[in-house]
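Q: Each protein sequence line maps, in turn, to chains H and X. Using my numbering, read the first sequence as starting at 1 and increasing by one per residue. Using my numbering, read the second sequence as starting at 1 and increasing by one per residue.
Just so you know, not all the hints are guaranteed correct.
Put simply, identical chains are the same to the list, so a pair is met inside one copy or across any two.
Claimed, not checked - Straight-line Cα separation of at most 25 Å, DSS-like style, residue types lysine-lysine; simulated pairs:
1) Lys84 x Lys17
2) Lys2 x Lys57
3) Lys94 x Lys17
4) Lys271 x Lys195
5) Lys94 x Lys2
6) Lys21 x Lys152
7) Lys17 x Lys292
8) Lys17 x Lys113
9) Lys21 x Lys113
10) Lys246 x Lys84
11) Lys40 x Lys21
12) Lys201 x Lys265
13) Lys152 x Lys269
14) Lys84 x Lys142
15) Lys40 x Lys142
Hints in this document: simulated from the structure, not taken from any laboratory.
Chain by chain, the residues:
2 protein chains.
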Amino acid sequence: MKLEELGEFGLIERIRKGLPKSDDFLGVGDDCAIIPCGDKELLVSVDTLIEGVHFLKDTDPYLLGRKSLSVNISDIAAMAGLPKWAFLSLSLNKSRDVSWIDTFMSGFLDIAKEFNVFLLGGDTTSSDVLTISVTIIGENEKGGSIKRSGAKVGDLVAVTGRIGCSYAGLLALENGFRKYNELKLTHLNPYPKVKEALLIKEYATAMIDISDGLVQDCNHICEESGVGMKLYWERIPFCYADFVNKEDMLCGGEDYELVVCFDRKFEDKVKDLDGFTIIGEVVQGSRVSVLKDGIDVELNNCGFKHF
Amino acid sequence: MKLEELGEFGLIERIRKGLPKSDDFLGVGDDCAIIPCGDKELLVSVDTLIEGVHFLKDTDPYLLGRKSLSVNISDIAAMAGLPKWAFLSLSLNKSRDVSWIDTFMSGFLDIAKEFNVFLLGGDTTSSDVLTISVTIIGENEKGGSIKRSGAKVGDLVAVTGRIGCSYAGLLALENGFRKYNELKLTHLNPYPKVKEALLIKEYATAMIDISDGLVQDCNHICEESGVGMKLYWERIPFCYADFVNKEDMLCGGEDYELVVCFDRKFEDKVKDLDGFTIIGEVVQGSRVSVLKDGIDVELNNCGFKHF
Chain H
1 MKLEELGEFG LIERIRKGLP KSDDFLGVGD DCAIIPCGDK ELLVSVDTLI
51 EGVHFLKDTD PYLLGRKSLS VNISDIAAMA GLPKWAFLSL SLNKSRDVSW
101 IDTFMSGFLD IAKEFNVFLL GGDTTSSDVL TISVTIIGEN EKGGSIKRSG
151 AKVGDLVAVT GRIGCSYAGL LALENGFRKY NELKLTHLNP YPKVKEALLI
201 KEYATAMIDI SDGLVQDCNH ICEESGVGMK LYWERIPFCY ADFVNKEDML
251 CGGEDYELVV CFDRKFEDKV KDLDGFTIIG EVVQGSRVSV LKDGIDVELN
301 NCGFKHF
Chain X
1 MKLEELGEFG LIERIRKGLP KSDDFLGVGD DCAIIPCGDK ELLVSVDTLI
51 EGVHFLKDTD PYLLGRKSLS VNISDIAAMA GLPKWAFLSL SLNKSRDVSW
101 IDTFMSGFLD IAKEFNVFLL GGDTTSSDVL TISVTIIGEN EKGGSIKRSG
151 AKVGDLVAVT GRIGCSYAGL LALENGFRKY NELKLTHLNP YPKVKEALLI
201 KEYATAMIDI SDGLVQDCNH ICEESGVGMK LYWERIPFCY ADFVNKEDML
251 CGGEDYELVV CFDRKFEDKV KDLDGFTIIG EVVQGSRVSV LKDGIDVELN
301 NCGFKHF
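Isolated chain H, as found in the complex (with noise of 0.2 Å):
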């Protein structure tokens, strides 16, 4: 059998099934692993970014150092925590312009001071492709930390943001259109929703960041959580872009705005908080739905895959 046959999440899902699990951490399964730490736990989490999958071959480098830290920042605030410290894998071709290296690392150096974070090490490699493999440490204090698996049926759903305006920059990109540097810019420097997270943290059950896409993210915590979710169409702030059908917007990645599930009760509260909309609620069940005017929207081949 070809991985292209097995997928990606059936890859992860085998990988899974053949690993020890232990009380002691969390691992493979959320936006990062839980280690123990002293009074604390840390959270780590490791993206790779492969030219010509991840990003485009003329990606300004600035913009790209700043995307290879944001996402990984990203995975630190789906889990409500603090990002701290981070290790880069870079790996060129050795006829690469140093002066691209020095201008993608100061859009790398520039994210990590916004949010505190120090690079600590990393490897250089020689590669025919441009790959990028950040791993990132952050922090919480002891339990503190939001999974993807403790949504209950009844929470209501909310996201940061608007949904598909990555989407709709990529199209922008790929397509070579003049204007729309707005969602371009969406797309090439993603800014993390650490704050976002902290805000909601007291009420949250479950939480994840958009990188598959909204709806395929939010099957991700359905899994976890063994529950279903139902999306209000009417609610969903989609963004504004009239190129690009909302249906895709539901699809497209990248987004890196947070999903997050909490107790009704905190209906209030959560309306309260800045940034955030209410779009729908926990049911019982296994999958998303997404209702328009009450009936259920066909979403197929919905969000990224890889294989």
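Given the structure of chain H, go ahead and fit chain X onto it with the hints provided.
A: Just chain X, lined up with the frame of chain H:
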């Protein structure tokens, strides 16, 4: 300027210069970074292996899985820590056979089990170049890690195992030699010296594992400690491999043995330890010299560099 003009260590130094420092942690410049963690400290290291650069295209996937983790465990050993948790980022072509991945994973998980390491997460992405990036986290009691920077003039220098067998094995593989299976396995299946590191930990002032080659890695200790080093040719436990000249054994990488400096008052103690050979001493200066019948051996272009 192209990357190949700057060189690998030039690149690392260039990045390192731009990084903020703090007494709270140890960053770039050792086998692992050190992060505080209550009454312990965590050790973190990242290594990336690329097909065609770090391993040949038809490398046995079981052995490759083992080695992918072993070389990281070796970094923890180099700081005299205990390996604990691992993260694996696998970038694969979508047409790759799933059975290849299964075999790779069984090698990875076998060595993990041998060292009581748990795989907690990672990333899977599609790429035309097989790229394996492993992050390992180990631990030590607070202040217990042995750094590259602690060598003192007057210390003695010891190594574990034999020097040059991995390089000899690589030559045997590249040239398609039928025999020399044991040497080939030293290259393909290195065994990290965690146990040996714990044996010598109480005497050690500085330590490193041999990944770039004996001479180059000793030079790393010299740079970080601000010392020189004299190694005595006659005392070096060269590999038994008559088709390789000994100068090349000093420069060939991937032995994954340990080089350790220690106060000479512990000479008798170290002589009693299994598996260590005393090969030289720490002197004033800034580089390693290897003396054969009292004369400096010329070692040009010594050690593996990526760019």
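Q: State for each hint whether it applies.
A: Right, here's what the structure says about each hint:
Proximity of lysine 84 to lysine 17 under the C-alpha cut-off of 25 Å is restricted to the inter-copy arrangement: shortest distance 20 Å between copies versus 30 Å within a copy. When the C-alpha separation of lysine 2 and lysine 57 is checked against a cutoff of 25 Å, the pair qualifies only between copies, where the shortest distance is 18 Å, while the shortest distance within a copy is 27 Å. Taking the shortest alpha-carbon separations for lysine 94 and lysine 17, only the inter-copy value of 21 Å comes in at or below 25 Å, while the best intra-copy value is 39 Å. Taking identical chains as interchangeable, the C-alpha atoms of lysine 271 and lysine 195 lie at most 25 Å apart only when both belong to the same chain, with a minimum of 16 Å there against 57 Å between chains.
For the homomeric pair lysine 94 and lysine 2, the shortest alpha-carbon distance between copies (7 Å) is at most 25 Å, but the shortest distance inside one copy (32 Å) is not. In this homomeric assembly, lysine 21 and lysine 152 come within 25 Å of each other (Cα to Cα) only inside a single copy, at 23 Å, whereas the closest approach across copies is 44 Å. When the C-alpha separation of lysine 17 and lysine 292 is checked against a cutoff of 25 Å, the pair qualifies neither within a copy, at 37 Å, nor between copies, at 55 Å. Taking identical chains as interchangeable, the C-alpha atoms of lysine 17 and lysine 113 lie at most 25 Å apart only when they sit on different chains, with a minimum of 15 Å there against 38 Å within one chain.
Taking CA atoms no more than 25 Å apart as the test, lysine 21 paired with lysine 113 passes between copies only; the shortest distance there is 12 Å, against 36 Å inside one copy. Taking the shortest alpha-carbon separations for lysine 246 and lysine 84, neither the intra-copy value of 36 Å nor the inter-copy value of 45 Å comes in at or below 25 Å. In this homomeric assembly, lysine 40 and lysine 21 come within 25 Å of each other (Cα to Cα) both inside a single copy, at 20 Å, and across copies, at 23 Å. When the C-alpha separation of lysine 201 and lysine 265 is checked against a cutoff of 25 Å, the pair qualifies only within one copy, where the shortest distance is 15 Å, while the shortest distance between copies is 56 Å.
Within a single copy, lysine 152 and lysine 269 get their C-alpha atoms as close as 18 Å, which meets the 25 Å cut-off; across copies the closest is 61 Å, which misses it. Taking CA atoms no more than 25 Å apart as the test, lysine 84 paired with lysine 142 passes in both settings, with 16 Å inside one copy and 19 Å between copies. Proximity of lysine 40 to lysine 142 under the C-alpha cut-off of 25 Å is found in both arrangements, the shortest distances being 4 Å within a copy and 16 Å between copies.
The structure does not agree with the numbered hints 7 and 10 stated previously, though it agrees with the rest.
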